[in-house]
Amino acid sequence: MDPETFITVSSWVNTTLLAGVPLRILACAALGATFWFGAYKQRIALGLLFFILTILLSYFRPLINLIGSGSL
Amino acid sequence: MEHSAGRRGPIFAEGASGRSRPRSLIAAISEIQELAVVEKLGTPLPEHIILLDRSFAYTEVGVHSVVVDGLINMLGVPMSLGVMGNLMPIFGDPNPSLFDQVFALLIGITYGVGYAVMIGHNLGSCYIGKVCKRAIQDIYQSMIVANIVKVILLSVFFNFMYQLLTPEHVQETFTVLWPVLRGVMSDQMAVGVQDWVVSMREVMIPSATVVILVSIGTLCVPYAYFVIGGREAAEEKRRNRLYDVC
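So the sequences go chain by chain: A and B. Counting along the first sequence from 1, when you hit position 72 you're at 72 in this note's numbering, and nothing is skipped either side. Counting along the second sequence from 1, when you hit position 80 you're at 1080 in this note's numbering, and nothing is skipped either side.
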């Protein structure tokens, strides 16, 4: 993948999937999967993995803002 | 024939030693549901049908849930309170909506509450007879003990963090780490991170309180299910006896 394509794809993901309603839906799905695997299926490692994913989805953008602008 | 005659020895009921331990919540619930069906049909089971290994396995199921819940509480509750107090953004929004605030709280508490609801919902109707009650109590009592330990450990942790996140300590830590952080952080960013870390100190003590309240709520949910479900199960057993359902 050349750099221009990578930038195009990553910016598309950042502005469509990782923003607004899609981001909230993804975070809800990840939280649901945390419960499904962690509690219901008792696969604790997978449950924790989805929980970390939930945290990242919820608080990822502030992290990016922090790195980009130096403020939360 | 001769071969079998030459291998005489004690006779064991087939499957008695081959029972698998209920390593998951689903397996534990399924086993207790099986026992409850027998009890409801009017056949009293001997109390010692639950052997020690079974008892330990049920206890493990209860403890596992609280260990994971504690880890999630440790991280999720302070962050959710930070979002509610507008100390940190969620989904990139510095002014979170009501949905965002509720979601942030859910991240911190949904696992424990969801687990308690699932146990109560599935086992409430099985709370009948000595055997089923004992099996359910094994899970529930282990949850109570593990929750008490969790609350104590998390309270100590949050208090420790409260003592640690003073401006002086944060400044000292950044000074020590600055040679490493310099490569990945600008001066402005370092100041922003320090401000945020110090501001998060405010949510540490309330986090301990929230964990205590949520743990109490988490333990009350299955208990309510057991009380209501136990009455319904007793009524079902009475009807089965009355109409001779077998």
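Honestly, the hints are just simulated from the structure, not real lab data. Ideal Cβ positions, reconstructed from N, Cα and C, are used throughout, including at glycine. Worth double-checking, as some hints may not be accurate.
Stretches of chain A that chain B covers, calculated by requiring three or more beta carbons in the stretch to come under 8 Å of a beta carbon on chain B [to be verified]: (1) 2 to 16; (2) 50 to 57.
Take a look, some chain B residues computed to stay more than 12 Å from chain A by CB distance [what the hints assert, rightly or not]: (3) I1029; (4) P1044; (5) D1053; (6) D1069; (7) M1079; (8) M1088; (9) A1104; (10) L1106; (11) V1117; (12) R1134; (13) E1202; (14) R1241.
Here's how the hints hold up against the structure:
Using a Cβ-Cβ cut-off of 8 Å, 0 residues of the stretch 2 to 16 of chain A lie near chain B, which falls short of the minimum of three, so the contact claim is violated. For the stretch 50 to 57 of chain A, the proposed coverage by chain B is satisfied: 3 residues have a C-beta within less than 8 Å of a C-beta in that chain, meeting the threshold of three. Taking the minimum C-beta to C-beta distance to chain A, about 10 Å, the non-interface status of I1029/B is violated against the 12 Å cut. In this structure P1044/B is separated from chain A by more than 12 Å, as the shortest Cβ-Cβ distance comes to about 31 Å.
With a cut of 12 Å on Cβ distances, D1053/B stays outside the contact zone with chain A, its closest approach being about 18 Å. A Cβ of chain A approaches the Cβ of D1069/B within 12 Å, the least distance being about 9 Å, so the stated non-interface status is violated. The claim that M1079/B is not at the interface with chain A is violated, since a C-beta of that chain comes within 12 Å of its own (minimum 7 Å). Distance check on M1088/B: its Cβ comes as close as 6 Å (rounded) to a Cβ of chain A, failing to clear the 12 Å threshold; non-interface status is violated.
The Cβ of A1104/B does not lie farther than 12 Å from every Cβ of chain A; its closest approach is about 7 Å, which violates its non-interface assignment. Non-interface call for L1106/B relative to chain A: violated, since the shortest CB-CB distance, roughly 7 Å, does not exceed 12 Å. Consistency note on V1117/B: stated as away from chain A, yet its beta-carbon is not over 12 Å from all of that chain's, at 10 Å minimum. Consistency note on R1134/B: stated as away from chain A, and its beta-carbon is indeed over 12 Å from all of that chain's, at 21 Å minimum.
Distance check on E1202/B: its Cβ is at least 15 Å (rounded) from any Cβ of chain A, clearing the 12 Å threshold; non-interface status holds. The Cβ of R1241/B sits about 34 Å from the closest Cβ of chain A, beyond the 12 Å cut-off, so the non-interface label holds.
Violated hints for the displayed structure, listed by number in ascending order: 1, 3, 6, 7, 8, 9, 10, 11.
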